[in-house]
Structure formats: C-alpha cells, structure tokens
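**Student:** For the record, the sequence lines run as chains A and B.
Residues 1 to 158 in this note's numbering are what the first sequence spells out, letter by letter.
Residues 1 to 801 in this note's numbering are what the second sequence spells out, letter by letter.
Since the hints were made in silico from the structure, they are not lab data.
Here are some chain A residues pointing at chain B (derived, C-beta under 8 angstroms):
hint, residue
1, G36
2, E39
3, C46
4, Q90
5, F93
6, Q100
7, I109
8, R128
9, C136
10, C138
11, T139
12, Y141
13, Q143
All of these numbers come straight from a predicted model, not from anything done at the bench.
Heads up, the beta-carbon is just placed ideally off N, CA and C, and yes, glycines get one too.
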Amino acid sequence: MKKEINFILNGADVSVTTEAHKRLIDVLRGPLGLTGTKEGCGEGECGACTVIVDGRAVNSCLYPAFEIEGKSVTTIEGLQGIGDRLSVIQEAFVENGGIQCGFCTPGMILSAKALLDSNPDPTEEEIRGALVGNLCRCTGYVQIIESVKAAAAALKSE
Amino acid sequence: MTNNKKTNADFRYIGKDVPRPEAPDKAAGKAIYIHDFQRPGMLYGKVKFSEHAHARILNIDTSRAEKLPGVKAVLTAYNTPEMRIGFMRDNFALKKDRVRQFRDEVAAVAAVDPDIAAEAIDLIRVEYEPLPGVFTLREAMAQGAPLVHEFDPGGKPREDNKLPLRFFHQSGDLEAGKKASKHIVEGQFSTQLIQQSCMGTAGCIAEFDMNNNLTMWTKTQIPFLAQRDFIGVLPVLGLREKNVRVIVPTLGGGFGTGLDTHAYEYISILLAFQTGRPVKIVYTRDEEFADLSPRQSARVKIVQGCEKNGKLTFRHVEVVQDNGAYTSWGATYPSVMMLPATSLYKVSNVYFNADLYYTNNTYCQAMRGYGNPELNWALENNMDELAEAAGIDPFDFRMINCNEPGEITPMGLKVGTCGLKECMETVAGKLDWKNSRSQGKCRGVGMASLFHVGGGGRIYRSDGSGLILKLDDFGNVYAYYGGVEMGQGLHSVLTLAIAESLGVRPEKVFINQTDTGTCPWDVGTHASRGAFMSCNAAIMAASDLREKIFKYAETLFPEGTAKNLKKFQKKNPGYTPPDFDIKQAAVRDGFDLKDGYVFIKDAPAEPWLRMELGSLLRAIHFREQGTMLATDVFYDPPNELPDWDKGKGNMSATYAYGTQGVEVEVDTETGEVKILRMVAAHDVGKVLNPLALKGQMYGALAQGIGYALYEQVLSEEGRIMNPNFRDYKIPTFFEMDFPIELEFIETDDGFGPFGAKGVGEPGLVPTAPAIANAIYNAVGIRIRDLPITPEKVLEALKKKI
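Let's have the full structure, built from the sequences with the hints guiding it.
**Tutor:** Spelled out as structure tokens, the structure:
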C-alpha cells in the first residue's frame, strides 16, 4: 500500500510517498536522501539510526514511516547552523575526541541533544542512562562522556 | 648514550591535542560510508547462504527467483565460472556440489532494489544431502574424521583435516631448562570466537567500465592486496590484462575485518559482470554476525619453569586452532603468537608450535592483536601461577624477568627501546600494588603485560608504504597515501606529521581518499603500522620537498622579498630595512619553512623578509621553464621477513610494550565480576596526538573487557546462535562505568617517526589476563577459558568450597 505522508523535517514541511512496510530510516535515507542517519543493526539494538521525533530520541529503524505523519523530525543534517557550521554539541564531540570511525556519531549526537534539550545539566549517570542505547565499538565511551559534559557546559555559557 | 630526546617544546604540532581532521564531517553526517554510496544504474546484490554445515548440493532451483520482476541476475556455481579465492586457494566465490559451513554462498541475485533482492533469495530452493561434520578440534583431529576438504587445491587427496601451515620455533635447550627449574607450572587455556562488531557492516560496489576494467568501492584495510586478488580472478571471466581500481570509502570500523578479500566481493564482481551494471552488496547485522569471519579461537597449552629466585628457565607453548572451513589470512595468527611466546619476558629456552585444523564451523579471520591476545591470555595467567608456585609476588616475578632495551630475543627480535619496566612500575604504583593485593571483601588486583610489533610487521614480501605529496599554487599540500583511515586516527597523525616535518599549518594538508588509482602502494593497515609507516614516509617526503623548495628559493626568494619590501615601504613610509645581504644569505641550507612561510634562518625577523609558501610556489610555476613541486617516496622499514621454518627473524623495526592493571570485586552470590578501576601504561615511543591516542587506548581496553567477560560467538553444530546485539553483548555505557587511568611511557624510539611506535592493537592484548589475575587475587579462582562469565565464576567458586 502506498501513501503520501506529511511531516516536519529539520524545521521544514515535507511530503513523501512511501509504502506500509517502510520504516522512518528508509524514507530518510531513500527518497529524502539524508544519509547522515546510519543503519547499524535494523533491530533497535545499536542506536546508530537515532533521530529526534517530537523531542524524543527514537530508533528510526523501528519507527514505521506511516506513523511519522504530522510529527516533527530532527536528523543530524538538521543540527548545522548558518554556513554549515557545526552546532555546539557536534563541536564538542569533535574537540573532545568523541568521534573515531564516526558511524555511531550521528545517533550518539542526537541522543545527546535530546538529553541536553530536556536536562541541560545532567550528571554522568544521567548521560550514561540517556546514551546507553547507542553502541560504539571504537571509543570505549570515555571521550563521548567527556564530549557530552563539554557540550552541556558550552550550552550553559551560551 | 647522549640524550637528544625532543620535548614537545621542540615540536609545533606533534604531541599536542589536535582534533581529527575528518571528525567535523563525521559529526555532520556528511562522511560517505559504503552504505551511503550510490552509482547510476546500480543494482542491489544479495547472497543465498547454506542451510547446512556440511552437505552435498543436489539441486538448486532458481526458476522462481529468475521470474521475479526487478531481478536482473541469479547466479550459482553452475552458471558461472569457478572462482577460487583465499591465499590457500581453498575457497570459492560460489560453492558447487558441496557446502562446508553454514554461511557457504550457494547463490546470489542482483535486483533493482534491496527488497526485491531479498524476496528473490527467499524464492531460491536448494536441495541438500546432509553429511556428517566436524565441529570441535577433537572431532577434526580424530582418526578417520570426516574430511572438510577431500582434496587440496592442487587436486591431491587429503588425509586429514590439518592445515598445511607450519609455525614452529625452538631455541636453547629445553631439557636443560627443565632441569634447572625449581618450579614448573603447566596450564591449558582457551579463547573464544568473537565478532569484530564494526558499527558499519561490510559491503562493496563492483562496477565495470566499457573497457572491462573494474572499479571496486569496498570496505577494506588492504586496498593493494585486494587489487591483486581481484585482478587475479578476472581471467576466469575471460578478462585478461584488465585493471582493477580499489577505492576505499569512509570505514565504519575495521578491527581486522578488512584484512582479506571476501566471497561477497567476488560475488558482486560476478553479478556486475553478468548484468553490466554496478552491483552493491552490503551485509545486514545478522549477516555480519553469521556470515562474516569472526576472530579465531585458540587452545593453548603452556609450561614454564623458573629457578628458586624466580628467573625463567624455559617456556613450552603448543597451540591448536579451529580454523573453520576455509582459510583467510587470519590463519597466520600463530606468526604473531610466536612474538610474545618467544619474547615477552626474558627466557632463553623456548619451544613453540601451532597447528590449525579445518572444521565445519564458520571460518575465521583477523582481529586487533592478531594472535597476541590468545597467546597472552595463556602466558600471563601462567606467569601468575608460576609466581605463586615460587612464592614470589607476581609484580616482583615479572620484574625479575623484565625485558630490557637492546636485548635480542630467542626469535631474533631486536629490541631497541623498551619501557616495560616503567610500564609495570607505573601500574603497580597507581594501583598501590602491595596494599591492594588480597585486600579481602572479594576484592583484588591483577596485572598483565604485553609485547607487540611497533615498527611495521613484515609478514609479506614488502612491508612498505608509499606517500605522494603534491603542492598547489596556494601552498596547499595534498597527500596520497595507500593506508586506510578506519576510525583509528591515521589521518590525524599523518596530517600532523606532514605539517610538522614540512613546515605548514595542518589546515593546509589534505589527505586524498585511499584509492589504488592515485595512491602509491601500501601493504595494508594492520599490525599497528599505520602511524609508524605513514609518519616515517611523511618525514622522508617532507625532507625531499623542502630541498626542492629551497633550491628554487635561492633565485626566487631575493626577487620575492624585494617585492614584499616595496609594498611594505609604501605602507610604512620612512622605513629603513636592516643591513642584510639577502642574495648572499639565500642559499639552500640557509632557508627554513615554518607555518607556511619560507625564510632565511639567520635573517632579522622583518615582516617582509619571508615568503608565503603559495607565493613562492606561484613564482616557481608561472615563469619560463616553470614547474610544479611534488614528491613520491616509499618507506620500507628496517625489518626482516622471518624464516618460518626456523621461526626466526626481526619482524618489526621496533616493539611496543605495555602493562595493564585492574582492581575487581567478585560477587560470590551471582558470579559477577565488577571492574572497579583500570590502569594502563604503554610504551608508545612518543605521543603524536594525545587526544587520538587516548581514544585508541580506551577503545582497545573496552574491546579487551568484552573479550574477557562476556563476548562470545555461540556456535552449535556450525550454526551461529547469537547473530545480533541482543544476544551478543559488546560493552555499553553501563559496563564502561569505572575510572581508567592511562599513562604513556615515551622511550623515543630511534626508528619511530618523532620517536613513536605503533599502538593500535596493544590496548586489547593484556586486558583479559589482567582481569583473570585480579579475580584470582580477589577470590582464589582461576578461569582458564574465555569469556569469564558469571556461570563459570560460580562453578569455580563452588568447586573451591
């Protein structure tokens, strides 16, 4: 079954025709061409495909595309500012060594954004709790925690 | 020995925390992985895998798949030419007549979209006649065991399942060593299969041009050996004298998975040739788990002896490995096992032998450490056991036998610099060793050390690395390097090495995508060699370029600065230049280049008395008989291809050492091991970029912890039982919740670029035995089979009572 779905993507209205078995990640990476969202497992276990839907970090590989109707989606492509500058959180990941192979990075950054949007001053435990669904094989997570802490500090001083 | 060790004050960029050059694009989601890459007209390939571990193929019915709209090709071994693969030629792109493991590729399709390709695969019906298989080493080694391969690649009948590979070393006098021993301890240890678990799964795109030359975009760590492999199979398609260009997209992790070419790559070549269109195959996560080769498992028997005073007298090591059904380069793990077996701690009488056996299990391949963690697991456990037998503290015991700078080991490895003593002392100090040992409350500390190649590793005829540096009219430097950035930070250190040694700012250095069509040859990104090789090549190339630049500066610098002076005087009327004869001073040896400016070293520091590199390059270019500047170097490190019959030869130009310590608490109710803190001290030669190095170490430690405590690919009669992250657990934010202290020992190695050694793998190597030794110290049980699961701990605790 094909259907047109309408939603807000990175602040702009979009409409796209898709099929019932397609997931949000398929629509984003396929017809919408936003390949910044990564598919790491397709089963909601690794978090690489994390995007923000109405303020909440979700696995776009588990999200039926039809259900995005009327909602607001933020992907990694929606974080850059004017002139394609990195956002504060992205910058913090770059500066603090939170990125190695980079495949988990977009999902990791969006989980961090969802956390910091709702809790600007998280404890280390809260950071771990919010990001625990995002797997990384390269970093051992230490510098990712440091990145999120640095991002929180930078956002506060803005 | 004079100490001309350079401090960070002598360096402009080396040794400073510098973010990785490619990190901003990765943060923005702009980096292009194989998953993201498309070609016009591209088809999607998918593989049909075997449903048996060992069976005869009776019939393959592809008729329904062929009729499915959108399917462009359905291939089996019966409608394509035979394509033999693997360095021992024992594998095939598509399997004919017989399957030998569950993941054997029996058919493949190419379709216009991934959904249709998956549907077509489901429509293929294969009839099998199951055969008895061998799934354990015991079964594989048994008299009259079913043969995994009845014939060798030459067509000669095989008599057993043993691989025809020899890994043997013997030195000194073992019997004399035994006689001189006051204490002898023997142990059997084993390690498990683990999955490399790259976050970005494996994949490739194959495309032929109209001249039948092939381009492969593929997730590899060995672009040039892959080019050789792919060129090697084209003749079976009737393509002779054709070229293959291998281009490496951004890698979502490597960890050894890219150290060989894989059947799916050859299948994409077959599909692309058949359809005349580009064909992409990307593995799903369950395919990555079930159908890509995991890390080898190993069974190690070790016997060591020591004198009353703790001095090691001999070491006897026997390894057997379940190779699985086919052979990848990973079957040469024992060549690396031999390094710690012969050379970690001073021991003069050594025996080492390793045998590998075919089974009907999944076949294995490389992963970080390449045999070293497997051997180290046995060796460092046994060191603790022997120390206990001798009544010596395990730290003291290791110090008694510690390696030293300048030592030549039984394998003939020439140890230059060696910071092992400092590593062990650092770890003991940070753990407050003597007070933390046997502290009660089920808490304890343990340590383990490692020895690894740190200056390349010559396991192939060439261990070389080429680098081309090209300058443009604006002072930009383009680097063409054949090694692969897979997340480890190669581009970070290469950028800094070029900037430092050439004298330009890092922002002016651009590293070209790894591409066999543009980059010079490199053997591959393995053996922790990326930084060591590329930075040494950078130093060579920069020195050559500087010579070229300064040669032209002799004539062009006086002209250029004269123009500068005129402009300067216009802006600053009344300025009188200092009395300095530029022409006289403008000689090759008189120049320097720093931060993108060419100047005369002993000239006064006047703002006009220097030339911006781009401006000088334009002067060199835009004149009669002008020229552009570039250089092409090939760094081949001073190491030797070992003589494998004897197990001797100085495989690496320098060697890395390190020690890890851990404090654990064991829950005797649940068997759970809680890590309270970790300390890692590594002899890295010189820290090139602390930010990147720490990331390498933390990440390797985390992999070591997964290896030690819970990661295991479960296989039942050859079938992978846990092909997902739910059932195969890698460390998450929750498990990595303890403090980690890193300490880097700088031994300033003479062969190392800026003094640095390779450090990519070491962090993973001693983690598991350090934890095992800490558990023994905490509760007095020794687990010999990885991973150390709560079940094994509980069982051992029960036995102890």
